[in-house]
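Using the sequences provided together with the hints, build the complete structure.
Heads up: the protein sequence lines correspond to chains A and B, in order.
So the first sequence is residues 1 to 278, counted in full-length UniProt numbering.
So the second sequence is residues 1 to 272, counted in full-length UniProt numbering.
If you are wondering where the hints come from, they were derived from the structure by calculation, not from laboratory data.
A portion of the hints provided could be inaccurate.
[As the list claims (entries may be wrong)] Coverage of chain A stretches by chain B, computed from C-beta distances (three or more under 8 Å per stretch; other residues unrestricted):
id: 1; region: 61–74
id: 2; region: 92–100
id: 3; region: 145–157
[Said to hold, decoys possible] Chain A side only, calculated, beta carbon under 10 Å to chain B, not exhaustive:
id: 4; residue: Ser83
id: 5; residue: Arg88
id: 6; residue: Gln178
id: 7; residue: Ile241
[To be verified] Computed far set for chain A versus chain B, every beta-carbon distance over 10 Å:
id: 8; residue: Glu12
id: 9; residue: Ile17
id: 10; residue: Asp28
id: 11; residue: Pro104
id: 12; residue: Thr175
id: 13; residue: Glu236
id: 14; residue: Phe248
Don't be surprised by glycine CBs; every beta carbon is placed ideally from N, CA and C.
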Amino acid sequence: MTQIIFDDVWKEYGEHIVLERINLTLDDHEFLAVIGPSGAGKTTFLRMLLSQEAPTRGRILIDGEPIAPEPTADRGVVFQRYSVFPHRTVLGNVMMGPQWAASPLLGRLFGARRRAVEERAMALLTRVGLAEHAEKYPAQLSGGMQQRLALAQALIMKPKVLLLDEPFGALDPGTRKQMHELVSELWEENAMTIVMVTHDLPEAFLLGTRVIAVERPRKDPQAPERFGATIVSDYETKCRIVRDSRRFEADRAKARLTLVPDAFLPADGTSAAALVKD
Amino acid sequence: MRRIINYAPSSGAKVILAALPFVLLVGVYFLGSSARLAIDPADKLMPGFASFYASMVRLGTTLDIATKQYLLWWDTWLSLQRLFLGLGISALIGLVLGILVGFVPYLRATFEPFFAAFSLIPPLAVLPILFILFGLGELSKIVLIVFGIAPFITRDVMLRVASLPTEQIVKAQTLGASTWQMITGVILPQVMPRLLDSVRLSLGAAWLFVIAAEAITAEGGLGYRIFLVRRYLAMDVILPYVAWITLLAFLMDYALRKVAAVAYPWDRIKAA
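Below you can see the structure in the form of structure tokens.
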């Protein structure tokens, strides 16, 4: 269970107010998409959630606790670019987090423990479709493959929250579509919370279970910098009750399958799943 | 008629074109030398290639009476020792200081302006101070090289650390890395190719400081020899020595480039 709360958060740079009056409660296993025009403070919003920047006023809570003042392993991140380390191979990149956690001094594991981490990393790479590229360096991968690598690298740490900062912004439409499918599947499988910043409206509504728009509601022509952006609209795009009941139905169908004895299946080899659908 | 920048030589022509200036230089010297030797066979300013060869064989194979050494090899050994010690210490200082000062904000705020000012001190101007402090022996020569090169390498490493994308550093932290782990796992490997490059660029300056120090005081060394035989107008020694120093510098540069290519293959991919 992960709950994120923004409690009246403001962000100011000197005289300039970027974000004001941000109040938000995000429940567990939500996919929050943040949209808004350029320069509205979407990325600032994400950076505060990442502790890359601190709110000027208000506080951010994860599970009731104020978030750590610096980036930590409970919040994974994928940026638009530069999310992977160019000096490690694909496999090496994915293995970095677990190796750092297990070996404070060398940052490297050896023998059986290394093989265990390698196995986990390879399983994840297979999941994101990069298994055959494990020995390549990131510079040898295409943009979409690098983003998939960045996802695998973040997911191996099993973060409570995954933060995505315009992760598909630099990809071509075909690759972007594949990435959408991959991300929504991973979100479902890992049952985590995702916060994604994007300026692509269809993308936000396709992936997000909740979409918030960040914009400046007021403007002062004499001092435009004195009004910050805030959450101007908040849509629940995929009703939690619908999602929950769909998951419940899927689980029940699976349970029923295991109850059907083999003797009841038709002789022509029709699978049990096909029968249940009818 | 295309623009001149759109004409590119073929690979065969490239080899010939690359060799051309060298051949021209040697040819011009040969013509000048022959013309002068025809007038005065004992000409000292532009001796022929035969006398170069004779001098080098003499210095390389006969035992010097005063020092009990084969001078060419002894000079080379002394100069290279100074050069390697100086460069090695500079690279180490540059790496450690550059990473620490470049990566830790408090250290950067404290030391960056100081290093910027320090690196502008002309090393040769402080050479007398070094001689006074460290004596006329090896130590002052090596300190001179370090003094001249370490600030440059330090600043170069600092710039490289600063140019690493913030995203990488934030990402490393979200993967749970400590400061030490980020330095050893993210910063150091990515700085190393740049360090090798900046050592390559410092080779010329390092030779300059070695020769300058040897010219003033030494018992041997390539620079010492050149400045010693200058008194006798012995161009037959000076010119081959200059060529020899150039060759040594070129070989070092080449070796460093190869080391970088083998040890850091990912750096090459990025450049491609």
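Status of each hint after checking the structure:
no.	hint	in the structure
1	61–74	holds (count 4)
2	92–100	holds (count 3)
3	145–157	holds (count 4)
4	Ser83	holds, 5 Å
5	Arg88	holds, 8 Å
6	Gln178	violated, 22 Å
7	Ile241	violated, 33 Å
8	Glu12	holds, 21 Å
9	Ile17	holds, 23 Å
10	Asp28	holds, 20 Å
11	Pro104	violated, 7 Å
12	Thr175	holds, 20 Å
13	Glu236	holds, 28 Å
14	Phe248	holds, 33 Å
Violation of the numbered hints given earlier is confined to hints 6, 7, 11; the remaining hints are satisfied by the structure.
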